[in-house]
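Peer 1: Given next are the chains, with one letter for each unit.
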Amino acid sequence: MTIQASATPPKAAPTTKDKTLSMKEAISRYVHDGDVVAIEGFTHAIPTAAGHEIIRQRRKNLTLVRMTADIVADQMLAGGCIATLVSSFVGNSSAGSLGEIRRRIERADPEPLDYQEYSHYGMICRYLAGAQRLPFYPLRSYFGSDLPRIQQGMRKVTSPFPDDDGAFEEIYVVPPINPDVAIVHAQRADRSGNVQMWGLTGIQAEAVFSAKRAIVVVEEVVDDDVIRADPNRTVIPALAVDAVVECPGATHPSFSQGYSDRDNDFYRAWSGISGDKTLLSAWMEEWIYGTADHTEYLAKLGSSTLSRLGVGQALSGRINYGTRLEPALDADDHVKESK
Amino acid sequence: MTSVAEGVGVTATELLTVVASRELAGRHTVFAGIGLPTLAVSLASMTTEPNLEIVYESGVCGAHPSHLPETIADSVLITGAEAVLSMPVLFGYVLQGGHIDVGFLGAAQIDRWGNLNSSVIGPWENPKVRLPGSGGAVEVAANSKEVFVVMRRHDARTFVESLDFCTSPGPDRALAEGGRVRGAGVTKVVTELGILTRSGVHDELKLSAVHEGVSVDHVLANTGWDLKVAEDLRVTPAPTAEELRLLRTEIDPRRVYLR
Chain A
1 MTIQASATPP KAAPTTKDKT LSMKEAISRY VHDGDVVAIE GFTHAIPTAA
51 GHEIIRQRRK NLTLVRMTAD IVADQMLAGG CIATLVSSFV GNSSAGSLGE
101 IRRRIERADP EPLDYQEYSH YGMICRYLAG AQRLPFYPLR SYFGSDLPRI
151 QQGMRKVTSP FPDDDGAFEE IYVVPPINPD VAIVHAQRAD RSGNVQMWGL
201 TGIQAEAVFS AKRAIVVVEE VVDDDVIRAD PNRTVIPALA VDAVVECPGA
251 THPSFSQGYS DRDNDFYRAW SGISGDKTLL SAWMEEWIYG TADHTEYLAK
301 LGSSTLSRLG VGQALSGRIN YGTRLEPALD ADDHVKESK
Chain B
1 MTSVAEGVGV TATELLTVVA SRELAGRHTV FAGIGLPTLA VSLASMTTEP
51 NLEIVYESGV CGAHPSHLPE TIADSVLITG AEAVLSMPVL FGYVLQGGHI
101 DVGFLGAAQI DRWGNLNSSV IGPWENPKVR LPGSGGAVEV AANSKEVFVV
151 MRRHDARTFV ESLDFCTSPG PDRALAEGGR VRGAGVTKVV TELGILTRSG
201 VHDELKLSAV HEGVSVDHVL ANTGWDLKVA EDLRVTPAPT AEELRLLRTE
251 IDPRRVYLR
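Top line first, the protein sequences correspond to chains A and B. Here our numbering is used: the first residue of the first sequence is 1, the next is one more, and so on. Here our numbering is used: the first residue of the second sequence is 1, the next is one more, and so on.
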């Protein structure tokens, strides 16, 4: 490890500097013991490889913030990385359950888990408040639910504004979340961290803006021209990004729209693996501690699995951003005009 | 073309799907997950309600999948879809904004008022079984005009007098806490035994239909509260040959969900 928590660099400035790092460097630099770490991706584009690297680097006492705490959360729990989990869904998609999370919550085995239960929109509102540095965010959920009884993060306020009938409505609010670091995945970015994403974009932009630092894992780092040819597809601008990690296939067993498909067989297998402590620790040894990085993990997965997860082509249409028909100004013209 | 005799060899899933699809007549926008609700929506759009639109919890609207999707976020739902929305747009503008007619939910427990538990069996602090939790269910329950629940299992452990934990409340619990109510809450519960219905605020679930071969006493014995029976109780009409043909040969020919 090279850089300690005290040496945190300033928030990234909107320049065209090169923010590319290896996964190892990015996790080492930006994820510290005890941090609040948001890993987002709503079934699509889950940066699983970043979770694996956090496990390899044996981070401890993390608070994991993740709307759908699925396989990567179960793996990080099995790796002993997580003390607190903030989530709105703890399940293995529709493919079964998560053995390690259930053992931790149901039996405190091998140790208790501080589980902070929310609903999806509650989590979304926490990110929205965090991204905007607001003290809370209102939502029309939770009246009559038992959730506020077990969750201090759901409280009522009274609107200061009367409604049409002159009444002042009571409404639940949730607090902001401002993770120490957010980690998301996308299809591509330039070196400075202008991130382009398509398909399910989930809560990734809000997670990045809510966080103090942000790591974006991408299928490929592309030239500036590629990004600038379609600026509306930039879901996260460089000013919010601290590190860009090129790591193709980082989402396995999740998918990356247009790059690789979801490994449904793996999802189905996970209930069996994680349900048995011996099988799970053997899996962790073989696939995470036993691989130096994600390249080795993918090599181990093998070419037949990778080709099974390959995808065909469905190109988007093209749009015209337009150019002004007058000749473009060059630098000299600027100087002349300002005189 | 396979010809299917009415009611012959119909599986529980097929029956639930057909019954749920018929209940969708007159609705337009449905918020649903993958599995039985998706099949029901597909079937309804081919039979009772051609204008149905399904909104997936992943953010996809107007999906035109090339293959039967395996999850709400299957890549085949995105390619060729009419719209793909971010989470704040989906949950904030579409759902909380009031655009959903029917939300489909499942649960581990339901009570007579249509309150739902999907969090825990046993006490929350020390649960016997930790379930996935809300996901978007709290929001679907609070913001949809009405909620349909599909429960494969109908017994006294799932249809309970008192929930172990109320994850997603119906409007009566919300009103009792001083909240404002937007929708009717659960109006239909489709189970392996029959259909329970509820008209809205202050009404409780009543048995409105039993499936063929199911006695009212059997339903009452498998419900954990004193279930009222509707005066106009009917027997669910068996799935028609055409409904079964559509399900088996066009909607889910590989029987991914038709177990």
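No lab work stands behind these hints: they were computed from the structure. Given the structure is predicted, the values throughout are model-derived calculations rather than measurements. Incorrect hints may appear among the rest.
Said to hold, decoys possible - 25 Å max Cα-Cα, derived SDA-like pairs, lysine to any residue: (1) B/Lys145 / A/Asp164; (2) B/Lys145 / A/Phe168; (3) B/Lys128 / A/Ile273; (4) B/Lys128 / A/Asp276; (5) A/Lys277 / B/Ile121; (6) B/Lys128 / A/Pro148; (7) B/Lys145 / A/Pro148; (8) A/Lys156 / B/Val89; (9) A/Lys17 / A/Pro148; (10) B/Lys128 / A/Asp263; (11) B/Lys128 / A/Asp165; (12) A/Lys60 / B/Glu125; (13) B/Lys128 / A/Ser281; (14) B/Lys128 / A/Pro110; (15) A/Lys212 / B/Val89; (16) B/Lys128 / A/Ala108; (17) A/Lys156 / B/Gly92; (18) B/Lys128 / A/Lys212; (19) B/Lys145 / A/Lys212; (20) A/Lys156 / B/Gln96; (21) A/Lys156 / B/Lys128; (22) A/Lys212 / B/Pro88; (23) B/Lys128 / B/Val89; (24) A/Lys156 / B/Lys228; (25) B/Lys145 / A/Ile273; (26) A/Lys156 / B/Glu177; (27) B/Lys128 / A/Ala269.
Claimed, not checked - Here chain A is said to cover these stretches of chain B; the calculated rule only asks that three of the stretch's residues, wherever they fall, bring their Cβ under 8 Å from a Cβ of chain A: (28) 88-98; (29) 117-125; (30) 136-146.
To be verified - Among chain A residues calculated to face chain B with C-beta under 7 Å, some are: (31) Ile124; (32) Gln257; (33) Ser303.
For glycine and all other residues, C-beta sits at the position ideal for the given N, C-alpha and C.
Peer 1: Indicate, hint by hint, whether the structure satisfies it.
Peer 2: Status of the hints after comparison with the structure:
1. B/Lys145 / A/Asp164: Given that 25 Å is the threshold and the Cα spacing comes to 21 Å, the pair holds.
2. B/Lys145 / A/Phe168: holds, 23 Å
3. B/Lys128 / A/Ile273: Holds, at roughly 21 Å.
4. B/Lys128 / A/Asp276: Answer holds: lysine 128 of chain B to aspartate 276 of chain A is near 18 Å, not above 25 Å.
5. A/Lys277 / B/Ile121: holds, 23 Å
6. B/Lys128 / A/Pro148: Satisfied, since the Cα-Cα distance of roughly 21 Å is no more than 25 Å.
7. B/Lys145 / A/Pro148: holds, 24 Å
8. A/Lys156 / B/Val89: holds, 23 Å
9. A/Lys17 / A/Pro148: violated, 45 Å
10. B/Lys128 / A/Asp263: violated, 31 Å
11. B/Lys128 / A/Asp165: violated, 46 Å
12. A/Lys60 / B/Glu125: Cα-Cα ~24 Å, so holds.
13. B/Lys128 / A/Ser281: holds, 24 Å
14. B/Lys128 / A/Pro110: holds, 16 Å
15. A/Lys212 / B/Val89: holds, 24 Å
16. B/Lys128 / A/Ala108: holds, 12 Å
17. A/Lys156 / B/Gly92: Holds, because 19 Å separates the two Cα atoms, which is no more than 25 Å.
18. B/Lys128 / A/Lys212: violated, 37 Å
19. B/Lys145 / A/Lys212: Violated: lysine 145 of chain B and lysine 212 of chain A sit about 39 Å apart, past 25 Å.
20. A/Lys156 / B/Gln96: Holds, at roughly 18 Å.
21. A/Lys156 / B/Lys128: violated, 30 Å
22. A/Lys212 / B/Pro88: Status holds; Cα separation ~21 Å.
23. B/Lys128 / B/Val89: violated, 36 Å
24. A/Lys156 / B/Lys228: Violated - the C-alpha atoms of lysine 228 of chain B and lysine 156 of chain A are around 36 Å apart, more than 25 Å.
25. B/Lys145 / A/Ile273: violated, 41 Å
26. A/Lys156 / B/Glu177: The given pair, whose Cα atoms are some 11 Å apart, holds under the 25 Å limit.
27. B/Lys128 / A/Ala269: holds, 24 Å
28. 88-98: holds (count 5)
29. 117-125: holds (count 3)
30. 136-146: holds (count 6)
31. Ile124: At 5 Å from the nearest chain B Cβ, isoleucine 124 of chain A passes the 7 Å test, so the hint holds.
32. Gln257: holds, 6 Å
33. Ser303: violated, 21 Å
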